[in-house]
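Given only the sequences and the hints, what does the whole structure look like? Please build it.
Order-wise, the sequence lines are chains B and A.
Residues 141 to 537 (my numbering) make up the first sequence, in order.
Residues 141 to 537 (my numbering) make up the second sequence, in order.
Incorrect hints may appear among the rest.
As the list makes no split between identical chains, a pair holds if one copy fits it or if it spans any two.
Unchecked claim - Computed cross-link-like contacts, DMTMM-like style, restricted to lysine to aspartate or glutamate with a CA-CA straight-line distance of at most 20 angstroms:
(1) K194 to E529
(2) K148 to E506
(3) K194 to D155
The hints are simulated quantities; they were obtained by calculation from the structure and are not laboratory data.
Protein chains: 2
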Amino acid sequence: MTDFAATKAMFDLPDGVIYLDGNSLGPLPRAARRRVDEMIAREWGEMLITGWNKAGWMAMPMRLGERIGRLIGAEPGHTVLGDTLSIKVYQALASALEMVPGRRVVLSDSGNFPTDLYMAQGLLESLGRGHELRVVAPGDVAASITEEVAVVMLTEVDYATGRKHDMAALTARARAVGALTVWDLAHSAGALPVDVSGAGADFAVGCTYKYLNGGPGAPAFIYVAPRHADRVRPALSGWLGHEAPFAFDPDYRPGAGIERMRVGTPPVLQMTALAAALDVWDMADMADVRAKSAELTEMFMAGVAADCRDLHIVTPRRPEARGSQVSLRFEHGYAAMQALIAHGVIGDFRAPDIMRFGFTPLYIGESEVQGALTILREVIAGRLWDRPEFKVRSAVT
Amino acid sequence: MTDFAATKAMFDLPDGVIYLDGNSLGPLPRAARRRVDEMIAREWGEMLITGWNKAGWMAMPMRLGERIGRLIGAEPGHTVLGDTLSIKVYQALASALEMVPGRRVVLSDSGNFPTDLYMAQGLLESLGRGHELRVVAPGDVAASITEEVAVVMLTEVDYATGRKHDMAALTARARAVGALTVWDLAHSAGALPVDVSGAGADFAVGCTYKYLNGGPGAPAFIYVAPRHADRVRPALSGWLGHEAPFAFDPDYRPGAGIERMRVGTPPVLQMTALAAALDVWDMADMADVRAKSAELTEMFMAGVAADCRDLHIVTPRRPEARGSQVSLRFEHGYAAMQALIAHGVIGDFRAPDIMRFGFTPLYIGESEVQGALTILREVIAGRLWDRPEFKVRSAVT
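Structure, rendered in structure tokens:
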């Protein structure tokens with residue numbers, strides 16, 4: 141049984157704040173500060189260039205990828221860290237499309253995170269071979285997986301609503317018609333049990349700064365199914381994915397398996413913070429995290445339903461149909477979220493009218509949920525969202 | 141006049157080491173350690189998600205890009221940070237190729253860094269439109285810039301030999317035949333005066349962990365000439381290059397100018413270290429750095445020529461024809477470099493037989509050059525490279 145008091149003690153959380161935005165940026169694991177400082181002083185400062193070998197920097201993308209692979213049900217040795225999630229979406233989609241050369245449709249849904257759609261649009265326009273990015277409503281995805289489809293590209297948990305796709309069922313459907321799948325696990329990894337291997341996913345990508353708590357701008361990860369790993373062409377074919385990076389051959393030859401999906405020099409400071417963050421996961425059982433998340437999200441939704449009738453709950457009430465967040469639609473959502481933040485409850489706002497709250501059992505429990513509900517009731521009942529100071533939009537929200 | 145004693149004092153250099161590998165990984169700027177620690181504790185730890193606005197994280201790619209732009213002669217507002225150099229090479233080349241749709245040749249040379257060639261190979265294969273990557277000898281580049289050529293893609297200073305191209309002349313030649321240029325400044329930025337604007341370069345990219353001292357895995361940068369900035373299609377079209385990233389539109393619309401070359405969430409820890417590293421450059425005049433670099437490299441080559449006849453100097457002796465490194469060809473180069481490192485002189489080795497030494501006036505002076513020569517003489521004259529302990533190759537060199 142996961143000891144959530146112990147995991148909470150591993151984070152440095154500011155006093156007087158209820159942090160319900162770990163689905164956007166996880167808080168600071170206490171050990172990360174010390175570990176990064178030691179890496180800077182003892183490794184960069186003292187080992188200098190030799191740190192790539194001596195301190196194991198060069199091996200970190202595979203070593204940390206392995207630890208993330210465990211959290212998403214990947215076969216050992218088939219997950220690697222690198223780049224940003226946008227880049228990894230591009231790489232996975234470009235690689236996948238080449239494996240289904242006769243088809244021209246990339247299927248996605250309107251619940252996908254915009255950057256996934258943007259990267260796909262950019263790729264398809266570059267290719268210039270008449271591919272179509274077909275974006276359907278989330279509920280229409282299953283029926284839209286036809287033999288026209290080359291690649292099904294989906295985010296398992298909708299960033300805006302928290303609705304969760306059935307990864308196993310959709311992947312099976314895709315395989316049945318000969319399409320490949322690219323799953324974005326941005327709101328799944330660290331939020332709920334994922335089983336890329338069991339589901340038969342072809343490619344999966346995700347980020348590490350949300351539920352995995354790797355810090356702002358922590359690198360992304362990519363998984364390629366073992367059946368493809370040694371035959372996929374990485375599209376973004378960089379020197380660290382080369383069979384022998386330090387041979388400095390003029391011609392690219394892909395490395396073995398997932399190593400070929402590496403591209404350029406990895407960000408050692410960010411990876412060091414992430415390594416500390418992953419230590420927390422060594423103490424957690426994902427089934428416990430999921431069970432607790434279901435309780436906390438239900439508790440929050442029940443409170444909202446009872447006392448905040450103006451807020452429309454857009455997240456599914458059936459626990460198996462949602463991730464680890466609750467989204468509320470409210471016309472004055474932006475100002476209401478600013479009022480909440482001013483009163484110490486940090487969630488976020490997604491245009492045009494969604495208030496988002498992430499529930500992360502590693503450091504959020506029932507008392508935080510009740511505390512957040514109390515303040516939410518005050519903000520809504522007191523119409524605090526109507527105060528002018530909460531209506532000023534900042535450039536970045 | 142640049143005070144090199146003052147700039148040297150801004151670095152934390154280990155005792156007993158002569159560090160001649162700042163062309164591969166710059167050493168630790170003293171302020172970086174404190175600045176990253178404060179960022180982790182005060183920004184990530186206390187501001188949490190609000191750090192993107194409050195601490196200015198989201199603006200860092202443009203703000204730091206501006207500071208780098210000053211060092212490479214870019215027009216203000218046309219340089220931005222992000223991703224790795226491999227990714228930025230890909231993005232620049234993909235964008236450039238679309239602007240010259242009728243031509244099918246990408247011209248590069250055998251002195252280009254392999255990852256540039258690999259990324260180009262990957263891109264051209266993805267495009268599948270019959271583009272040819274034509275790789276000629278460095279001395280044949282000028283004559284090879286013909287009207288067949290769509291894009292000339294070169295690294296200004298050869299990573300292996302230190303030979304420097306004439307950027308202005310080659311760019312002019314490319315423009316004269318209607319070809320575009322993509323310049324890789326990995327071994328130029330912070331090493332010598334660069335004038336992308338004066339040269340008329342179309343695209344330039346570079347990394348920040350070599351002469352700019354941003355730390356292992358620090359992000360890359362990209363410059364796009366103002367005449368192209370508002371019409372280029374970024375190819376890697378991510379959400380942070382969108383006109384309105386937080387509108388969460390399903391369709392990509394490029395942002396203004398260089399902002400569109402941004403892709404995903406930027407690495408805040410790495411950028412914070414880089415910001416501290418760039419403070420050193422506020423105290424340095426690039427003309428002084430270049431003059432001192434020419435002296436130091438000449439002093440080193442003269443010493444080698446006089447006393448180490450077995451070592452073949454492959455770096456040009458004319459100062460205007462080289463960057464800020466000296467490369468020596470030696471059959472036993474790998475073992476000799478290991479012996480040097482064991483005796484406190486850190487350079488590096490590049491297959492098959494190149495010993496590289498970087499000379500970085502910000503923290504390397506004449507006494508270090510003389511010290512390195514003394515030890516190099518001992519290693520060569522004493523045949524220390526013949527000892528078995530120096531012959532064992534590590535996986536990463």
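Comparing the hints with the structure gives:
1. Proximity of K194 to E529 under the C-alpha cut-off of 20 angstroms is restricted to the inter-copy arrangement: shortest distance 16 angstroms between copies versus 53 angstroms within a copy.
2. In this homomeric assembly, K148 and E506 come within 20 angstroms of each other (Cα to Cα) only inside a single copy, at 13 angstroms, whereas the closest approach across copies is 54 angstroms.
3. For the identical chains of this complex, K194 and D155 are inter-copy neighbours only, at 18 angstroms across copies versus 39 angstroms inside a copy, given an alpha-carbon limit of 20 angstroms.
Hint compliance for this structure: every hint is met.
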